[in-house]
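Protein chains: 4
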Amino acid sequence: MLKLDFHPAGRHFLQIPGPSPVPDRILRAMSYPTIDHRGPEFAVLGLKVLDGIKKIFKTQQPVVIYPASGTGAWEAALTNTLSPSDTVLMFETGHFATLWKQMAERLGLKPEFLGLPGIEGWRRGVQADMIEKRLREDAQHAIKAVCVVHNETSTGVTSDIAAVRRAIDAAGHPALLLVDTISGLASADYRHDEWGVDVTVSGSQKGLMLPPGISFNAVSAKALAASEHAKLPRSFWGWAEIIEMNKSGYWPYTPNTNLLYGLSEALDMLQDEGLDNVFARHQRLGEACRRAVRAWGLEIQCADPAVYSPVLTGVMMPEGVDADAVRKIIYERFDLSLGTGLGKVKGRMFRIGHLGDCNDLTLLAALAGCEMGLRIAGVPLRDSGLPAAMDYLAAQPNVVSLKAA
Amino acid sequence: MLKLDFHPAGRHFLQIPGPSPVPDRILRAMSYPTIDHRGPEFAVLGLKVLDGIKKIFKTQQPVVIYPASGTGAWEAALTNTLSPSDTVLMFETGHFATLWKQMAERLGLKPEFLGLPGIEGWRRGVQADMIEKRLREDAQHAIKAVCVVHNETSTGVTSDIAAVRRAIDAAGHPALLLVDTISGLASADYRHDEWGVDVTVSGSQKGLMLPPGISFNAVSAKALAASEHAKLPRSFWGWAEIIEMNKSGYWPYTPNTNLLYGLSEALDMLQDEGLDNVFARHQRLGEACRRAVRAWGLEIQCADPAVYSPVLTGVMMPEGVDADAVRKIIYERFDLSLGTGLGKVKGRMFRIGHLGDCNDLTLLAALAGCEMGLRIAGVPLRDSGLPAAMDYLAAQPNVVSLKAA
Amino acid sequence: MLKLDFHPAGRHFLQIPGPSPVPDRILRAMSYPTIDHRGPEFAVLGLKVLDGIKKIFKTQQPVVIYPASGTGAWEAALTNTLSPSDTVLMFETGHFATLWKQMAERLGLKPEFLGLPGIEGWRRGVQADMIEKRLREDAQHAIKAVCVVHNETSTGVTSDIAAVRRAIDAAGHPALLLVDTISGLASADYRHDEWGVDVTVSGSQKGLMLPPGISFNAVSAKALAASEHAKLPRSFWGWAEIIEMNKSGYWPYTPNTNLLYGLSEALDMLQDEGLDNVFARHQRLGEACRRAVRAWGLEIQCADPAVYSPVLTGVMMPEGVDADAVRKIIYERFDLSLGTGLGKVKGRMFRIGHLGDCNDLTLLAALAGCEMGLRIAGVPLRDSGLPAAMDYLAAQPNVVSLKAA
Amino acid sequence: MLKLDFHPAGRHFLQIPGPSPVPDRILRAMSYPTIDHRGPEFAVLGLKVLDGIKKIFKTQQPVVIYPASGTGAWEAALTNTLSPSDTVLMFETGHFATLWKQMAERLGLKPEFLGLPGIEGWRRGVQADMIEKRLREDAQHAIKAVCVVHNETSTGVTSDIAAVRRAIDAAGHPALLLVDTISGLASADYRHDEWGVDVTVSGSQKGLMLPPGISFNAVSAKALAASEHAKLPRSFWGWAEIIEMNKSGYWPYTPNTNLLYGLSEALDMLQDEGLDNVFARHQRLGEACRRAVRAWGLEIQCADPAVYSPVLTGVMMPEGVDADAVRKIIYERFDLSLGTGLGKVKGRMFRIGHLGDCNDLTLLAALAGCEMGLRIAGVPLRDSGLPAAMDYLAAQPNVVSLKAA
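Protein chains in written order, with the UniProt record's numbering: chain A, 1 to 405; chain B, 1 to 405; chain C, 1 to 405; chain D, 1 to 405.
Be a bit skeptical, because a hint or two may be false.
If chains are identical, the list can't say which one is meant, so a pair holds when it fits in one copy or spans any two.
[Said to hold, decoys possible] Straight-line Cα separation of at most 30 angstroms, DSSO-like style, residue types lysine-lysine; simulated pairs: (1) 48 <-> 133; (2) 3 <-> 247; (3) 247 <-> 48; (4) 231 <-> 101.
These aren't lab readings, by the way, just hints derived from the structure by calculation.
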């Protein structure tokens, strides 16, 4: 019998940028007995989560819930709207943008990959002006979709999606706007309808505080219309049948019942805290984290303060330091999981997640673990980061506190 | 806050042919905190389940585990092995065979749908001689794959897969053999390697006793070779990258961590009971169920005793009785969920599941609920079915009993 | 690592008259993290359960909740109200009345044990007229308390407490009335205030559907006054300090936090179903059970239909049959736990619990297990009991059904 | 429906000196369905925990497990061994020693309360020489028992029990030695047999990491002999009947089944980590905590480094600061529960628990919460305490780390 709690004494600190720590309420909810997905009680659950999730995407339009992890929802966004050999314009914001581009290639699309030179795009996010320029050049409208990542999990940069929308509009281009906010949803402000996004892709294991296993496509009317003519083969991911059956609270095939229990609970929790309060909490924790990093004298991966991510902070290592060796020390000595550097920045940085079910003391614990591990690894630090982070958190009360409870 | 236990006092009896009741051990396992899917402890879990699941499929070859429900694994089997417009030979055993055929069409394949007239195929399962005959006619080997359902969840018929293998071999035909045993695995004997199956498709929510949300492809060397040339676009479902990363216990994208906890526990439970004992238990419960149905004077949907399903029993209604009206009474009065009639037999039958975490008293409770509901609905029954089922169960001890514990 | 699910495949049927099966909602509630029993959030929980439990006892007076199992609450009732060598009048209704008497002796009290000859008292319950007669004889009021068991868990007899009250009043006797309804509360109608009970003793693991570990004293003003002069030493059980601190939602020593979570959930469940509906459900299940026993041709332990217990049914064995040998077969073959015969009826009977989180199909499953086991043991049965029970349950819909949900 | 997770976003930090945080493994174990406490599977559980708990007390003699919280086990120790009006010698180490003395009075014993003047005893623990002196004076052996607290939860002082044993022996006095290690067991080294303790009292909600609700008496042969003649009335707490039934793994009355599941899991966890490693972990965390307190420039309640508690640290406030006002800020702003000052030091100190399921980052988080709260409350601190604690923890690896796992 495998013990499923792998950790020695005391709690594990899971501070990767997702999966984020799953709150006890959600773990308990998920452990209720599975029910008949065709029975009357299921419809109560189905209708609740289908309605509730719209509020999180800030949309009045359908949100498709897949019994599959987030990568599947990327595929769904592409196969429902595009045809073989279609050109799509993508922007290199980091590792996940790069993976999405590779997926597009595998599916037989022709992605064009815009980006800043070197790792600049990995530090500054989407450049809407570059998109506008490229679209203006595309007089024949060969480009069928613009695909961007809202919150780049590999870097800690949250791009300005409204600016991308304005760029497309300014260019007068009919391309669909597909946005990945897998790690941004329910942590960073996101507005599917207001920003005119056609397909928003997201997943469960980040701001929604669920385990991985369900993912989402929020779908505009324009995207839905496009899907009627899109020629990429699809069946499991097909929107039409799902959206039709969802009207009665059911799915055409077996949904992920126990994770939907968890989603129901997550929606209650987010509503109780208030979505704007959730965003403010993430902003505040992000700022505290960055103050610690600056006190250490280390560089933050995101080079543009306007697009600092409230979800995670990338911490760059001085020349010659292997970030993964530091992470290993921190993990083994302090039972703290951090995100590795991915792709172009492998070994050059680590990532601190401060998303989802996170609060002041959890962040400070994570910062303490980082600081001790950095010192053990021999990384020279200017100052302790804890006082800097504590000063900020003490001076800036969180919006929702126990007092209000 | 939505209450996630929808039932009034006492336990709900979930006797649909899947999702089957999830044992407490698995529900508790699933509720452990989510861990880093890139951390060292995950590899321990990953390697354990990847190895353990092979024993369930009786294979030495790779089993791909998808973080998606069973329908996705159908799609994976097709897209990994086939190219647009390929002809596939499918056999109409019931509703799920029909849905798989529809999927093949949606994905741009050309399914040929063999079958017996009317609903005879729905009552007798795969006719291997018809497959052999058709393959012999296909001198050009236009048929690239033979797709059959092992245990038809819509009817209660468990087809003879070894016979299909012999048919293909007798015809000297190179077609791949793709088999769906979504509802058969870990309940009915299944032998991926011995029967020469190329891709076996299965899911979590039946004999594995898990909630829905993970699914499987067991993959032969021949299937793997075919996948190198198959042209259907695929990314999420692509075997190669997954099988490669699985070697170290990881997945290329985020796996369904908490359901893998459940899978780990399910594998322990099945190993503790012994797979052959599990099969014997299902056979015994199936026979008890059929004896009750015969005592009622009602007809069993499966017309060939050689292929009675150990997983579920389809019960046909007399002329003029709406099976769904009966089911509704049973559900509302006795908190018992039964399977509806699907497709061609809608309203004509209901299905009693006796799979997974099921034992004598649970089955007898379900039969009691059926009998009371049938009487309330005014369906004339010859005798009470309970004594017939009890006589059999009392006379035939189960292989594993508490005494042995 | 000990596996905590001791049972082979399928659910265990726990049909002893307590501990009764604990519903999933309560098990999940109990597994929430323990909190500070001196913190502000605890008071919310404390005040809720202290208020809610009063409705279950039908009292406006204090109910003391002990972090101890039911036997402790027996001791509390005695030590808070009585002094060394006090005479108490007890009535032999069965094994638990006998144990309570033994406890009184150990604590230095002088119990008088009224009763019918042989096992007649074990089949007919409290005889109020005998109590009245004895009290009338006690002109000096040497008797300080009358102690009776409401629902005798060892026999399946529910005595008439209102009649005992009338008997005391008719005798004009000042004795306190102490009542044990450990197994009756929240299953059988009980009215602490209306019936003029001075101390009601109860526990968690029966009608309240909780695991064992908390117990109760409902306390009248007269009992509270008596406690000020009672001389038996007491500290842990002392009412005064607990009742005082309970006003703010706290306890003088560490309460049983996680079981209080469960109690909070149980109170919600009972309120949702409606206490009168709960009683009606128990009555209905009791009647169905007795019809099966009669169909078998076996004798019911309770000889007076006016006091049949809605909680459990005692089933007497024919001469020469060892009831525990039958129970052993039933347990080992059908994973069904039944209550043993206790004390004077050891080996002569077994007990079927139909209390708490029980419904029609669970009872029928239990009856099926009994019937098969009796046959395997060679006990001659007149008829199958299942049809008799099913006829009744089908004809008499439960008050609360899924339809209403 | 009351939400049982009372906290806003992120984990609550429960750093009171008990109840300590309950690990997920134990919470899951406790949520298994309740079983028949008279059935064969229960004996497996019973025998396991009865045997395993002896290793924790380091005894070969019986350990009685009560289904009641710790205060009950105090009462059990007294009522099983003593008679009305017996003199007992107790030592004032703090609030809990004082409460135990009050209990002795309520039970009709005559406690003599030794102690240092003022709050000195609260800062230095048991003075064995004072006990020896008093016993030498007691030529008639009027003193029947010496009662001391091993780890005073109210102060953070861990007294030297072996020294008390030596003192009794040096005086040649036959008094029993009764020791309360409710908050010391499984956190601080404790040796029931080697130290010649007659009754050791403990509870579940501290080093055993369980919720409150079960408690213990480890019983020497001398104590058992004394119990045969002890005259205090007792029934629920009586050792003889329990010890007799425990031989077969059962209890004379209903045990606290679900907490015993938790105890079984706790025993596995402690054995996996190794009891000596557990003690070393607590010592190390205690030292780190004290270094932070010293860096703040605040005084540690325990004035004798030889008896610093590894379980908790009492932090004294400067003159004029209300410790409870500070605690309130810390609780409301940082979701961190600390222990209040009790009795003589009410409002003068708070207590930081670092026991049970605690590790480096959890302690550092708690220290960060304290530091921020102290600053917000305007308490002048010399330095940040975090760097001091981090330096120590980074320099001194824990014995058991993930590397070893």
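Going through the hints against the structure:
Taking CA atoms no more than 30 angstroms apart as the test, residue 48 paired with residue 133 passes in neither setting, with 43 angstroms inside one copy and 51 angstroms between copies. Only between protomers do residue 3 and residue 247 lie at most 30 angstroms apart by alpha-carbon distance; the minimum there is 21 angstroms, versus 42 angstroms within a single protomer. In this assembly of identical chains, the alpha carbons of residue 247 and residue 48 lie at most 30 angstroms apart only when taken from the same copy (11 angstroms versus 39 angstroms across copies). Within a single copy, residue 231 and residue 101 get their C-alpha atoms as close as 19 angstroms, and across copies as close as 19 angstroms, so both meet the 30 angstroms cut-off.
Taken one by one, the earlier hints fail for this structure only at number 1.
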